[in-house]
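**Student:** Residue numbers (the UniProt record's numbering), protein chains in the order written: chain A, 1 to 467; chain B, 1 to 467.
Quick caveat, the hints were computed from the structure, so don't treat them as lab data.
Some clues are possibly wrong.
[Claimed, not checked] Below, computed lysine-lysine pairings styled on DSBU-like, alpha-carbon distance capped at 35 Å:
id, chain 1, residue 1, chain 2, residue 2
1, A, Lys356, A, Lys174
2, A, Lys315, B, Lys409
3, A, Lys409, B, Lys409
4, A, Lys344, A, Lys409
5, A, Lys344, B, Lys344
6, A, Lys315, B, Lys315
7, A, Lys52, A, Lys174
8, A, Lys356, B, Lys52
9, B, Lys52, B, Lys409
10, A, Lys174, B, Lys315
2 protein chains.
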Amino acid sequence: MSAESVVDYLQRRHDDVMARLDAFLRLPSVSTDPAYAQGMADTRAFLLDWLKGIGLTDVQLLDGGGQPAVYGAWLGAPGAPTIIVYGHYDVQPPDPLALWQSPPFEPTIRDGRLYARGASDVKGSTTIAIETVAAFLAVEGRCPVNIKLFIEGEEETGSPSLHEIVRRYGDLLKADAMISADGGRASPTVPTINVGARGLTKLELVVRTAGKELHSGRYGGSVRNALHELAAIVASLHDAEGAIAVPALMDAVRPLSERDRRDTAALPFDEAAFVADVGGIAAGEPGYSIRERLTLRPAIDVNGMWGGYTGTGSKTVIPDEARAKITIRLAPGQDPDQAGAALKEHILAAARLGVKVGFEAIGGGSPASTLAAEHPLVQAATTVLRRTSGQEPVHVRLGATVPITAIFKETMGLDTLMFGFNLPDEDVHAPNEFFHVPSVALGLRAWPMLLQELARYAPAAFHQQAG
Amino acid sequence: MSAESVVDYLQRRHDDVMARLDAFLRLPSVSTDPAYAQGMADTRAFLLDWLKGIGLTDVQLLDGGGQPAVYGAWLGAPGAPTIIVYGHYDVQPPDPLALWQSPPFEPTIRDGRLYARGASDVKGSTTIAIETVAAFLAVEGRCPVNIKLFIEGEEETGSPSLHEIVRRYGDLLKADAMISADGGRASPTVPTINVGARGLTKLELVVRTAGKELHSGRYGGSVRNALHELAAIVASLHDAEGAIAVPALMDAVRPLSERDRRDTAALPFDEAAFVADVGGIAAGEPGYSIRERLTLRPAIDVNGMWGGYTGTGSKTVIPDEARAKITIRLAPGQDPDQAGAALKEHILAAARLGVKVGFEAIGGGSPASTLAAEHPLVQAATTVLRRTSGQEPVHVRLGATVPITAIFKETMGLDTLMFGFNLPDEDVHAPNEFFHVPSVALGLRAWPMLLQELARYAPAAFHQQAG
Chain A
1 MSAESVVDYL
11 QRRHDDVMAR
21 LDAFLRLPSV
31 STDPAYAQGM
41 ADTRAFLLDW
51 LKGIGLTDVQ
61 LLDGGGQPAV
71 YGAWLGAPGA
81 PTIIVYGHYD
91 VQPPDPLALW
101 QSPPFEPTIR
111 DGRLYARGAS
121 DVKGSTTIAI
131 ETVAAFLAVE
141 GRCPVNIKLF
151 IEGEEETGSP
161 SLHEIVRRYG
171 DLLKADAMIS
181 ADGGRASPTV
191 PTINVGARGL
201 TKLELVVRTA
211 GKELHSGRYG
221 GSVRNALHEL
231 AAIVASLHDA
241 EGAIAVPALM
251 DAVRPLSERD
261 RRDTAALPFD
271 EAAFVADVGG
281 IAAGEPGYSI
291 RERLTLRPAI
301 DVNGMWGGYT
311 GTGSKTVIPD
321 EARAKITIRL
331 APGQDPDQAG
341 AALKEHILAA
351 ARLGVKVGFE
361 AIGGGSPAST
371 LAAEHPLVQA
381 ATTVLRRTSG
391 QEPVHVRLGA
401 TVPITAIFKE
411 TMGLDTLMFG
421 FNLPDEDVHA
431 PNEFFHVPSV
441 ALGLRAWPML
451 LQELARYAPA
461 AFHQQAG
Chain B
1 MSAESVVDYL
11 QRRHDDVMAR
21 LDAFLRLPSV
31 STDPAYAQGM
41 ADTRAFLLDW
51 LKGIGLTDVQ
61 LLDGGGQPAV
71 YGAWLGAPGA
81 PTIIVYGHYD
91 VQPPDPLALW
101 QSPPFEPTIR
111 DGRLYARGAS
121 DVKGSTTIAI
131 ETVAAFLAVE
141 GRCPVNIKLF
151 IEGEEETGSP
161 SLHEIVRRYG
171 DLLKADAMIS
181 ADGGRASPTV
191 PTINVGARGL
201 TKLELVVRTA
211 GKELHSGRYG
221 GSVRNALHEL
231 AAIVASLHDA
241 EGAIAVPALM
251 DAVRPLSERD
261 RRDTAALPFD
271 EAAFVADVGG
281 IAAGEPGYSI
291 RERLTLRPAI
301 DVNGMWGGYT
311 GTGSKTVIPD
321 EARAKITIRL
331 APGQDPDQAG
341 AALKEHILAA
351 ARLGVKVGFE
361 AIGGGSPAST
371 LAAEHPLVQA
381 ATTVLRRTSG
391 QEPVHVRLGA
401 TVPITAIFKE
411 TMGLDTLMFG
421 FNLPDEDVHA
431 PNEFFHVPSV
441 ALGLRAWPML
451 LQELARYAPA
461 AFHQQAG
């Protein structure tokens, strides 16, 4: 079996692929808005037909009580790895409609860009994945690996029933690894492989300074104010430059490796533009580039803080209680519990005499994830990207965990390779979302090669290397 | 004319006075709750009858669109000062009812205490004021000064229509000074005269660090967080002991005088109990007693602070905007505008490079008020309290302006002497509110003497001395 014949076949049929993508994009599959319920149902029907048409078996909806996922399998390669191919068929709402140059559900090509809601996120890359499987079956009558296509319908709403789907259909979804059509390229010029994400730990801090709210006329100047105390604690978490000022937390962070430094530097990245694009103010740990800080160093952020009177006008109170929601983004190797404990100890030490400090859990922590360089997913992607780009792929990491991959890792033990072909400039979630048309052909070369490469590994290899 | 005969008359008729107070207290005049509308109307009818019955003229309701005030005058002393006698007929809600040992609207005397909602706040002292006027008219056929009784119906709801009442009935309410039955004694053993209150200035602070809320996974560790920046600014307002750390604001505060120190020390005051009673933590400017800090020194309090995600669970955002409502309690002599400007300059200097700071006004400032020791109100009260207590009265100040007196000062130019007879332990606004029964006789001695003393001054003297 050869990927080349499949690639040739797909290149010859490029127009057919574009026509199917066009049909897919015309379906208004907005998952968050009940007004689009018919669009969602139509999209599922379209996918069920498509998957049956290309010869998948067991094609069905996987219902977890929300928007069902669409599933189809080809399991004719005994002994070869079984790969879940992930995509999603739901899209963001198209509002504000007035800002679209062409209607969001009427795909339009201008200047090499295919404009439509969902073109980049992620019907374009999902189509590449499905067409790849279809081409193997059409040309070879089989795939190099066992395939379980899993097309989710709730990615844009935070996957509320994904846990339940995995619980109900756990047996059906058993696999050795996942390849995601979501999670695209980091650069148009440098081939990248995502090898991990920062971890996360969360807590809610409660500061109490009195038994009740006090009148500032009767007590102002004589007692502690919960907001002043919370402010002092929060201010103690960072130094003036914005670097974390919690030594016990930073002591546990491993230094960057040579490869970390090299990979991070390899990707073209305009630091000034990155910050200016969101009207931000650069700040953080000296001695590290922004990309290093974002992906290889921890960050503490107060995500919310409140206390006292927050309505219109004024109310002259001394608040007795104030709260802050705090999260730590964890660097590779950091233990969520150790990091959380270090933060708590720092806060307790920073609180002034008499100030009562409490902590409330707001969800469990998760460590940073890392795919080792030797992992079959990384090895296979490296081989493919070397061949398609003529360059050595760069390892990149994300600053935040992708919820979908975290859920599959946690519940099924599956590692994920993100292999989408969207690019960072495609106005995802905004008006005039588009997909670079050449990305379709690029993806249709790379995906067949990837499936072929993955067949070189024993199923157990994917689990032994799990990071 | 002699106050002695009037005092004698009132002491002889003590039971009659108590009977009228009992009738007044049985009327459930809860202003905040529409369920008590009939009780409010009945109370107004009761007062109108009462004031007519004692011989006042022009008895009427003054309607400003909310709960009307009850008004009645005696203006038969041409050339003598005209005094507004202030009280209020509305009371706090009695909830929680289950905690009352006797029903809140069934006045009950136990152990020398008259238990009822409103007994202390302020039907007891209001009755003393009305009975004093009634006794002068009954015994002497006239009063030493011209009297305008003004019994408010909205004190417990923040006097929402008082401004409008004063606007509509400004001519009717013209006077030389006000004596308030509200605002009681500071101590059961030391006679006190309230000679002032701290001022107030307010602002809302807005801190912006980006053009939009950012994802903490994508930006955490690389940009400023509005909550961190607000916390740093708020933390810079006070030192570790809780003293104000804004030199330009403190430089403008005048040092305490010998008399300030002496008067503040003269009043028995248990600092530890004051703080412990509300479960607070003592803090503030070293070198000053708590009473000095509360009444003669400024205080900065953040009354409310908020930003980012404040709902349940977590949302991993970097807030781009954060806000704080800040008030300054002003010491005597401080200019509200200067203090506000000093605070703003400090905040602007404390904000880190690039952080956008804005200020929004939330109401105008008012300076501290002070009645000079030579003011006729203070002189008359001093004479009376010396005579009734055999002690030299101590000058006290309040930490906060009383809204009613501020409104009358601001709109009518009237200074107020607070001459209520309630005491600090009477569980005002709480279940089992009571009035010490001996306070009735004490008030009925002092009030006639006070009116007699005030007659010694020319009307213009009250205005010349206005502080």
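**Student:** What's the verdict on Lys344(A) and Lys344(B), does the C-alpha distance respect the 35 Å limit or exceed it?
**Tutor:** 33 Å, holds
**Student:** Starting from Lys356(A), check that the Cα of Lys52(B) is at most 35 Å away, please.
**Tutor:** 57 Å, violated
**Student:** If you draw a straight line from the CA of Lys52(B) to the CA of Lys409(B), is it 35 Å or shorter?
**Tutor:** Holds - the C-alpha atoms of Lys409(B) and Lys52(B) are around 28 Å apart, at most 35 Å.
**Student:** Straight-line Cα separation of Lys409(A) and Lys409(B) no greater than 35 Å?
**Tutor:** Violated. Lys409(A) to Lys409(B) sits at ~71 Å, over the 35 Å cutoff.
**Student:** Within 35 Å, alpha carbon to alpha carbon, are Lys52(A) and Lys174(A)?
**Tutor:** Holds, at about 21 Å.
**Student:** If you draw a straight line from the CA of Lys356(A) to the CA of Lys174(A), is it 35 Å or shorter?
**Tutor:** Measuring from Cα to Cα gives roughly 49 Å; hence the hint is violated.
**Student:** Holds or violated: Lys315(A) with Lys315(B), Cα cutoff 35 Å?
**Tutor:** Measuring from Cα to Cα gives roughly 28 Å; hence the hint holds.
**Student:** For the pair supplied as a hint, Lys315(A) and Lys409(B), confirm whether the alpha-carbon distance does not exceed 35 Å.
**Tutor:** Roughly 22 Å separates the two Cα atoms, so the pair holds.
**Student:** Given the hinted pair Lys344(A) and Lys409(A), is their Cα-Cα distance within 35 Å?
**Tutor:** 28 Å, holds
**Student:** Does Lys174(A) pair with Lys315(B) here, judged by a C-alpha cut-off of 35 Å?
**Tutor:** The hint holds at about 31 Å.
This entry does not satisfy hints 1, 3 and 8, going by the numbered hints stated previously.
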